[in-house]
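Colleague: In order, the protein sequences belong to chains A and B.
Once you know that position 85 of the first sequence is 85 in the working numbering, the rest is easy, because the numbers rise by one and skip nothing.
Once you know that position 189 of the second sequence is 189 in the working numbering, the rest is easy, because the numbers rise by one and skip nothing.
Calculated from the structure, these hints are not laboratory results.
A quick note: this is a predicted structure, and the numbers were derived from the prediction, not measured.
Calculated cross-link-like contacts (lysine-lysine; reagent style DSS-like; alpha-carbon spacing at most 27 Å):
id, chain 1, residue 1, chain 2, residue 2
1, B, Lys147, A, Lys356
2, A, Lys356, A, Lys393
3, A, Lys129, B, Lys116
4, A, Lys298, A, Lys183
5, A, Lys668, A, Lys684
6, B, Lys66, B, Lys116
7, A, Lys418, A, Lys356
8, A, Lys288, B, Lys91
9, B, Lys66, B, Lys172
10, A, Lys298, A, Lys340
11, A, Lys674, A, Lys697
12, A, Lys418, B, Lys147
13, B, Lys94, A, Lys288
14, B, Lys172, B, Lys147
15, A, Lys646, A, Lys684
16, B, Lys147, A, Lys353
17, A, Lys367, A, Lys386
18, A, Lys356, A, Lys386
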Amino acid sequence: MRTRSIFRLKAEATRTLLGLASAAFLIAVVSRGEAPLQAQNAPAQSRVTFTETIAPIVYENCVTCHRPGEAAPFSLISYDDVKNRGQLIAAVTGSRYMPPWQATHGYGDFQDERRLTDTQIQAIAAWVKNGMPEGPKAKMPAAPKFTSGWRLGTPDLVLEMPTEFEVPASGPDIFRNFVIPSKLLEDKWVRAVEFRPRARTVVHHALFAYVRSGAYASIDGADGQPGFRGLAPIGANPNISPAGPLGGWAVGASPRFLPEGLALPMSKGSDFVIQMHFHPSGKAEREKSTVGIYFAEKAPDRMLRVLQLPGLFGIGSLQEIAAGGNYAMERSATLPVDVKVYLANPHAHYLGKEFKATATLPDGTTKPLLWIQDWDFNWQDGYNYKEPLLLPKGTRIDVRITYDNTAANPRNPSNPPKRVWWGEESTDEMGSISFGLIPVRREDEPAWEQFATQQQRGTLLAAGQNGTLQRVAANQARGLLAAPGAGRGLGRAGAAASPTAAAAAAPAAITSTSLPPQVMADLFSGFGGNPGALQRALDVTATTIEANPSHAQALAWHGAATLYYSSTNADLSALDRIGLFQRATKEMDSAVGIAPDDIRVRMARGVVLRMLTPTMPRLANVPGLIENARLDYQRMFELQEGQLEKLSQHALGELLQGLAELNSRQGKTSDAEKYYGMIQSMLKGTDYAARAGEWMKTKQPLPQAQTNCISCHTGQ
Amino acid sequence: MRWERGLLGAGVIALLAGSVSGQTRDIDGRSMAPFQPAGKATVLLFIQTDCPISNSYAPEIQRICKAYESRGVGCSLAYEDVRVEAAAVRKHLKDFSYSAIPATIDSSRTLADRAKATITPAAVVVDASGAVRYRGRIDNFYASLGKPRQHVTEHDLVDALDAILAGKPVPKPETEALGCFITRPQPRNK
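Next comes chain A alone, as it looks inside the complex:
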């Protein structure tokens, strides 16, 4: 559990990234039912009968789900079955609530479109109106045959949930993750995952992923039930490696192999994770799902690429959605190379209303991509194009997504409506369409890669500029500051996973506002390059904060350690780094607000900012951070002004040198000169005095002193 705190930080800072691939791949594997029947021969409405006209419509469009043992509520196999539901069938087909299909017909040509023709709907209405005659028995079509076993044939690997999960009779929807060890002996490539839920009336959809064995062991079952809660996308957490998404399933879906021989990696020995969305049905149910996994013979030679518009689920585009208002968001991208588009996968939460995506080719012609007019969070369909769409280089894709945050929207999660921002909770919003594609020519892969990187960079920059990153970071800090138990699954259970850290921190948390000396030693040792010590300090400060959310020293030092970690760990993604940065500065600033005259609080922020600002990117508002650092040193100086001679040489040297250096970096040369002068007079013959002499020659900022804290602050 070495990396617990860091893992948690990263998990919370980077959830946004995680869904990208999983959401996109969902569609690759999910597709629906049997192909709808072509328009029926226009029936003479005076004599529409079950056997001649209605049964073929129902068999082709309804019974995939409406048959015994399937998700839909009642069977529609026999004449009596259908006749008994005739009025209802006429009503729900007339309103096009059934069969369920969100995309507008004709705006994109999709596989497995579940849709009745106008003629079919009229025939049903006429049949019901005329008393639902059965018609000649001889004309009755054979009931469709359904495979009772695996639809894709015998899987290469079958995995089952180790224990049942109980879904209560009523209450809010449940998002729950279940971990199944794969026991794979070698790395594999997955072509398809077939999902077989048991409690079909309550399982609405599922996402699949693989993760490093034991990655979720500390939170799996921590709340006393199998699995762990949450709808944070699984399978792409950069701190869990290897890991990756493996598709998904929704009610009515037929399993399919990925197109064009594509396959997704799955590592040996990994854990398979299922994230399920349950709808309570009025009756308690017990779910124990089984999955069948189909492997490819060898690694595929191409990768499915994802173009998401707006990027990262709208983090850079979605602004405030006012309470009671409507909102629209638009984003465009121009393709850098010729591509083949296989699928489109829309995503928003409950306020999402309309999605529209159109491609405008270089010659000015347009191609419809996807249009959903009344988005329903509960039907998270993926849309696979019947034929891959060829879009040439220079094609512009426009995406527009609208939101309804009025009280009149029955799906509004807040009553009365609340102001909504971008975020991952179901009461926040997101919005994007992910297009799954591949560059037509293999040699265009690097160009695509470069384009995708630019897109992501632009999205993050926009998210930093529009304040979303800061808001997300502030929310994460609030989550951190919340008492244990109020936290979200990962954080809460993560703390429980490290009993030694909790025990170590307990005395400090309860009895003192000062951290144990060992924590300080660990922190400085960590700054000096000892990752184990840094981790220990992170663990103890995090646990201290959970026990005492306004522990200023713990906040300050946790923030400082987090900032150091985020600035020096080369493995972090850009989003990780920014998220951690935002959170760390927030923690340190809160600490200074709580205890402005605590030297150790000031020291934490001042030292880490002074140390890291020279290498920070523009986005970080470096001048503001340098000013904060100078204020911290200034305050430390004032608090000790009357007793400077009592300080150790090291303490005095670091204090005066920091103050001098920061003033010099701000161009306050006369102040810098004052403190460098104090060093020269108070610390004669030391390295500090020598450095001060160096500065006096040019009165320009010196290259940073190479302090190696580890030599003095020895951790264990």
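Here the structure of chain A is known, so what remains is to put chain B in place on it, guided by the hints.
Modeller: Then chain B, alone, in the frame of chain A:
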């Protein structure tokens, strides 16, 4: 012939009398008189075994019945399935934890006709005088078929019961129920 006709006439009269009094028998053979409340009111709940909206209301129906039991309100369930065996209804009662509420299979639609119920789930409230005071949905959880609300904003059945118990007029005596249709038995159509 006269004798036969006389018997038929008596049967019709008996049927009419039963219909008028609303007397029926529950699934265990005990007599049930939902239109003649023993207490202050009866809630007659029309449900089906395989209607998902009806089923999803099971916990809420039980909650309401339990909450108002001590205030003199009784509840009765009327199953409006087409062709359903008593065994299937018993299983449904058990699966959905309905055991505390008396239930009848209304295969002739006598109760539904008398209460003018056309949808499951629907609630009909009869007061102590035998008058129907409320007919319609339990609450507005469903905005339309397939469109559940995140927040119920109108609790019509509870509001009606509160009004009746307080001796006040029911604010909305009739609301539109959403769910599955109650179909009347009809001969096979060729």
